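Novice: Single-letter residue listing:
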Amino acid sequence: MADSNVKVLGTWASPFAMRVRIALHLKSVGYEYVEENLLEAKSELLLKSNPVHKKVPVLFLGDKPVCESLIIVHYIDEVWTSVPSILPSDPYDRAESRFWAAYVDDKFFPALRRVLVSTEEDRKAAMAELLEGVVLLEEAFRKLSKGKAFFGGDNLGYVDLAVGSLLAWIKVIEKFTETEALSEAKTPSLAAWADCFSSHAAVKDVFPNVDKLADFGLKLRAKFSKAAAAAAATTTTTD
Amino acid sequence: MGEEVKVFGFWSSPYTLRAVLALRLKGVPYEYVEENVLGNKSPLLLKYNPIHKKVPVLLHNGKPIVESLVILEYIDEIWKSKPILPKHPYDKAMARFWAKFFDDKCMPAVWKPFWCPEDEREKAVEEACQCLKTLETALNGKRFFGGEEIGLVDIAANFVGFFLRTMQEVTGLELLSAEKFPHLFKWTDEFVNHSVVKENLPPRDKQLEFNRVIIAKYEAGEIKA
Numbered sequence: 001m002a003d004s005n006v007k008v009l010g011t012w013a014s015p016f017a018m019r020v021r022i023a024l025h026l027k028s029v030g031y032e033y034v035e036e037n038l039l040e041a042k043s044e045l046l047l048k049s050n051p052v053h054k055k056v057p058v059l060f061l062g063d064k065p066v067c068e069s070l071i072i073v074h075y076i077d078e079v080w081t082s083v084p085s086i087l088p089s090d091p092y093d094r095a096e097s098r099f100w101a102a103y104v105d106d107k108f109f110p111a112l113r114r115v116l117v118s119t120e121e122d123r124k125a126a127m128a129e130l131l132e133g134v135v136l137l138e139e140a141f142r143k144l145s146k147g148k149a150f151f152g153g154d155n156l157g158y159v160d161l162a163v164g165s166l167l168a169w170i171k172v173i174e175k176f177t178e179t180e181a182l183s184e185a186k187t188p189s190l191a192a193w194a195d196c197f198s199s200h201a202a203v204k205d206v207f208p209n210v211d212k213l214a215d216f217g218l219k220l221r222a223k224f225s226k227a228a229a230a231a232a233a234t235t236t237t238t239d
Numbered sequence: 001m002g003e004e005v006k007v008f009g010f011w012s013s014p015y016t017l018r019a020v021l022a023l024r025l026k027g028v029p030y031e032y033v034e035e036n037v038l039g040n041k042s043p044l045l046l047k048y049n050p051i052h053k054k055v056p057v058l059l060h061n062g063k064p065i066v067e068s069l070v071i072l073e074y075i076d077e078i079w080k081s082k083p084i085l086p087k088h089p090y091d092k093a094m095a096r097f098w099a100k101f102f103d104d105k106c107m108p109a110v111w112k113p114f115w116c117p118e119d120e121r122e123k124a125v126e127e128a129c130q131c132l133k134t135l136e137t138a139l140n141g142k143r144f145f146g147g148e149e150i151g152l153v154d155i156a157a158n159f160v161g162f163f164l165r166t167m168q169e170v171t172g173l174e175l176l177s178a179e180k181f182p183h184l185f186k187w188t189d190e191f192v193n194h195s196v197v198k199e200n201l202p203p204r205d206k207q208l209e210f211n212r213v214i215i216a217k218y219e220a221g222e223i224k225a
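For the record, the sequence lines run as chains A and B. Residues 1 to 239 in this note's numbering are what the first sequence lists, from first letter to last. Residues 1 to 225 in this note's numbering are what the second sequence lists, from first letter to last.
Extracted from the complex, chain B is given alone in its bound form (with noise of 0.2 Å):
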């Protein structure tokens, strides 16, 4: 169709696993160019994200779009095959909410407990598991957040539903067990053993190694919350 669809993303990211997994849901073909994050940023990434200096971006036959939630709308619009979004407009406006919750309120709170001081971490595993609670809740014993198939909510939540747990590996810090958040720990099963997704998780082994090396850096100082 002489489309041309380029993703600037980073093996690792979350935010960037949303872009590819809606495009692989979709059937939709594109090229992938790795952007080393904890290097120096690439001119191109400068020039198609010059506020935030960011990955993803999605380059759309010459057109940046950035912001992986606003990429995620842009990629449902364009390509209509396996919709992401609800159809009705109160499921949306609902799957939006969700989405932005995990964004606003989980990412920070889950993320923190693995790089805080000792001395906050007590307090920030009790935000986090309010926050597994609230999605626990959220999710209402469905199979995903979508219904029967994934969907914005599920792509969006992928920090829970797969990284989440190679960070509990690494750290020994568990936030989400099968006892404590029963949905929500069989929802991460039910992500990563989903035909699109697990043929584009990062590998585990090299997920964990990199954990090792994030954690590290924390520690070290080099890297600020």
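Excised from the complex, chain A in its bound form (with noise of 0.2 Å):
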């Protein structure tokens, strides 16, 4: 039953417009949702509702946008104020929830995405930056849960949103590396937590098909190693 009055745009294959969607799911809160063709040109809403970054996702309340997936978040659990809460009471919890998040989107996220577009020398040194940051967050896991299921305890919570919404990416990159990102022998933790995670009712709905996210993936990779021939085509030149 959507609320008429809230909107999310996104695309399928988005992390970010994941979070969203889940955050209100949790909060059981309806909306109409709006897919952004994202190999096209960007459509006259997403250029007028977020004219800074041109991205997805955006949350309408009303004709208000919110933008970028970590505020809408925030903004999300601080308008339904009903519980389940996404990020924790404490303030202390609130800044670490807040530190791994951030760690997700300025380290992990850029990793995760170098390994995607790398080149075959490339892709070894990413690789191995990425799976740093697996430990990391194998490490973060075991301290925020608590013994839990999730990051954040018995319910998911900020943590669980950012890494979670990257799950679908990683088991992409591991398609395309022949490599383990997360396993039960080297990342116990978070192998068992990625299944909780993906099968959550409030997640399943959006998270993406693995196959279909690798053929974006390729589509990606094409037009990605395209722009970069591009761009060294052109400095090359101006020696």
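Mixed in with the good hints, there may be bad ones.
Stretch-level coverage of chain B by chain A, calculated; a stretch enters the list once three of its residues show a Cβ under 8 Å from a Cβ in chain A [said to hold, decoys possible]:
hint: 1; segment: 65-77
hint: 2; segment: 95-103
Straight-line C-alpha distance at most 35 Å; calculated DSBU-like pairs for lysine-lysine [claimed, not checked]:
hint: 3; chain 1: B; residue 1: Lys142; chain 2: A; residue 2: Lys42
hint: 4; chain 1: B; residue 1: Lys63; chain 2: A; residue 2: Lys107
hint: 5; chain 1: B; residue 1: Lys133; chain 2: B; residue 2: Lys54
hint: 6; chain 1: A; residue 1: Lys226; chain 2: B; residue 2: Lys105
hint: 7; chain 1: A; residue 1: Lys27; chain 2: B; residue 2: Lys92
hint: 8; chain 1: A; residue 1: Lys175; chain 2: A; residue 2: Lys143
hint: 9; chain 1: B; residue 1: Lys100; chain 2: A; residue 2: Lys148
hint: 10; chain 1: A; residue 1: Lys223; chain 2: A; residue 2: Lys54
hint: 11; chain 1: B; residue 1: Lys87; chain 2: B; residue 2: Lys105
hint: 12; chain 1: B; residue 1: Lys6; chain 2: A; residue 2: Lys55
hint: 13; chain 1: A; residue 1: Lys54; chain 2: B; residue 2: Lys112
hint: 14; chain 1: A; residue 1: Lys143; chain 2: B; residue 2: Lys133
hint: 15; chain 1: B; residue 1: Lys82; chain 2: A; residue 2: Lys27
hint: 16; chain 1: B; residue 1: Lys105; chain 2: B; residue 2: Lys63
hint: 17; chain 1: A; residue 1: Lys64; chain 2: B; residue 2: Lys180
hint: 18; chain 1: B; residue 1: Lys142; chain 2: B; residue 2: Lys100
hint: 19; chain 1: B; residue 1: Lys82; chain 2: A; residue 2: Lys107
hint: 20; chain 1: A; residue 1: Lys124; chain 2: A; residue 2: Lys27
hint: 21; chain 1: B; residue 1: Lys186; chain 2: B; residue 2: Lys26
hint: 22; chain 1: B; residue 1: Lys80; chain 2: A; residue 2: Lys143
hint: 23; chain 1: B; residue 1: Lys54; chain 2: A; residue 2: Lys148
hint: 24; chain 1: A; residue 1: Lys42; chain 2: B; residue 2: Lys87
hint: 25; chain 1: A; residue 1: Lys64; chain 2: B; residue 2: Lys206
hint: 26; chain 1: B; residue 1: Lys47; chain 2: A; residue 2: Lys107
hint: 27; chain 1: B; residue 1: Lys206; chain 2: A; residue 2: Lys55
hint: 28; chain 1: A; residue 1: Lys175; chain 2: A; residue 2: Lys54
Hints in this document: simulated from the structure, not taken from any laboratory. None of these values were measured; they are calculated from a predicted model. We put the CB at the ideal spot given by N, CA and C, even for glycine.
Taking the hints as your guide, dock the two standalone chains into a single complex.
Specialist: This is the structure in structure tokens:
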């Protein structure tokens, strides 16, 4: 039952849009979902509602847009104050959660992206960096979960959304590189958590199909290599 | 109240300044520990911020909080006088948006023209001015980004508020001027003259000298971007 007041602009492949949708599901808030086609030109709505970054996701409450996925998740948590709370209530725990979500966006995601678009020669180094990040996240999980199923404890929380939204892309990377990033042997806690996360009621309908995502990943790689080659061509001629 | 508050910082770091300004605005007493970021990192810094190994670190009753924007939110939640975030969720989201925009786009873009190679400068200046233009629009003619009082965005944007004009003075490269960005330029005056801010800025002469040192290090290839 959609609340006609709430709209999400996203794409099926975007981990960031996924965070917003999971947050709304956790709060049992209905919304209208509008799919943006990222392989084509950006829509009027996107350009108008996010002129600074021109990116999904955008959340609309009425006609007011909110941008940047983690900021949107905070906003959702503050507007719909029914349980469950997405961020912890204790300020220190909140700071820890924010720290790890920032780590995911500032370090882990760029590393993941580097692997995706890397050339054959860069791939090993990029993958090594990603795997270092996985080790940190395994430690973080053990610390934050306090023995429970999620980073957020008994319930999905802020860090679950931050990390979990990247799981499908991690699986794509594992496919492309034929390397395990998460495994029962090396990252037992994260491996168990990944199953809990992807099968959670609030997540499973928006968790992308990994094969479909892998195809999309190939298209992104192609688009990126084309752009990189064009850029390289112009820089070599200015010498 | 038996609270122990410590800040590990660097006197010329805009990120450290964020934590300092928030605490000072709220009248929170704290002990300041100087870290020499150009030298070896102290064992304490590595202990409290093992992942990023950076200042600032806020230590509250022995527990470390790192990442300046995370620190600002924490400070605002613990010490509730003189709030730096707006009350209303939508206004909060907007403040967070602009603070993050500042960190992700403005900081690198506005800093770049001062250190980048000659052949990249034109493009760097263009991108820096694009950021300044966006900030000018975001300010929307207000006295501060936070309205009548300084808030999260003003504190976060202290690099433009104070440091930028000192870099302009040392290099002669002018990105921000009253002609090009009148409201933003006026805001920098309001910012540095704010009663709490002015008591806590790095000393101007010391900053100018430090700018010269940093630029020289970039030119000598001692610091990489």
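Novice: With reference to the structure, classify each hint as holding or not holding.
Specialist: We went through each hint and held it up to the structure:
{"no.": "1", "hint": "65-77", "verdict": "holds (count 9)"}
{"no.": "2", "hint": "95-103", "verdict": "holds (count 4)"}
{"no.": "3", "hint": "Lys142(B) to Lys42(A)", "verdict": "holds (32 Å)"}
{"no.": "4", "hint": "Lys63(B) to Lys107(A)", "verdict": "holds (23 Å)"}
{"no.": "5", "hint": "Lys133(B) to Lys54(B)", "verdict": "holds (30 Å)"}
{"no.": "6", "hint": "Lys226(A) to Lys105(B)", "verdict": "holds (25 Å)"}
{"no.": "7", "hint": "Lys27(A) to Lys92(B)", "verdict": "holds (20 Å)"}
{"no.": "8", "hint": "Lys175(A) to Lys143(A)", "verdict": "holds (29 Å)"}
{"no.": "9", "hint": "Lys100(B) to Lys148(A)", "verdict": "holds (32 Å)"}
{"no.": "10", "hint": "Lys223(A) to Lys54(A)", "verdict": "holds (18 Å)"}
{"no.": "11", "hint": "Lys87(B) to Lys105(B)", "verdict": "holds (26 Å)"}
{"no.": "12", "hint": "Lys6(B) to Lys55(A)", "verdict": "violated (38 Å)"}
{"no.": "13", "hint": "Lys54(A) to Lys112(B)", "verdict": "holds (23 Å)"}
{"no.": "14", "hint": "Lys143(A) to Lys133(B)", "verdict": "violated (43 Å)"}
{"no.": "15", "hint": "Lys82(B) to Lys27(A)", "verdict": "holds (31 Å)"}
{"no.": "16", "hint": "Lys105(B) to Lys63(B)", "verdict": "holds (30 Å)"}
{"no.": "17", "hint": "Lys64(A) to Lys180(B)", "verdict": "holds (30 Å)"}
{"no.": "18", "hint": "Lys142(B) to Lys100(B)", "verdict": "holds (19 Å)"}
{"no.": "19", "hint": "Lys82(B) to Lys107(A)", "verdict": "holds (33 Å)"}
{"no.": "20", "hint": "Lys124(A) to Lys27(A)", "verdict": "violated (41 Å)"}
{"no.": "21", "hint": "Lys186(B) to Lys26(B)", "verdict": "holds (25 Å)"}
{"no.": "22", "hint": "Lys80(B) to Lys143(A)", "verdict": "holds (28 Å)"}
{"no.": "23", "hint": "Lys54(B) to Lys148(A)", "verdict": "holds (31 Å)"}
{"no.": "24", "hint": "Lys42(A) to Lys87(B)", "verdict": "holds (33 Å)"}
{"no.": "25", "hint": "Lys64(A) to Lys206(B)", "verdict": "violated (45 Å)"}
{"no.": "26", "hint": "Lys47(B) to Lys107(A)", "verdict": "holds (20 Å)"}
{"no.": "27", "hint": "Lys206(B) to Lys55(A)", "verdict": "violated (41 Å)"}
{"no.": "28", "hint": "Lys175(A) to Lys54(A)", "verdict": "holds (30 Å)"}
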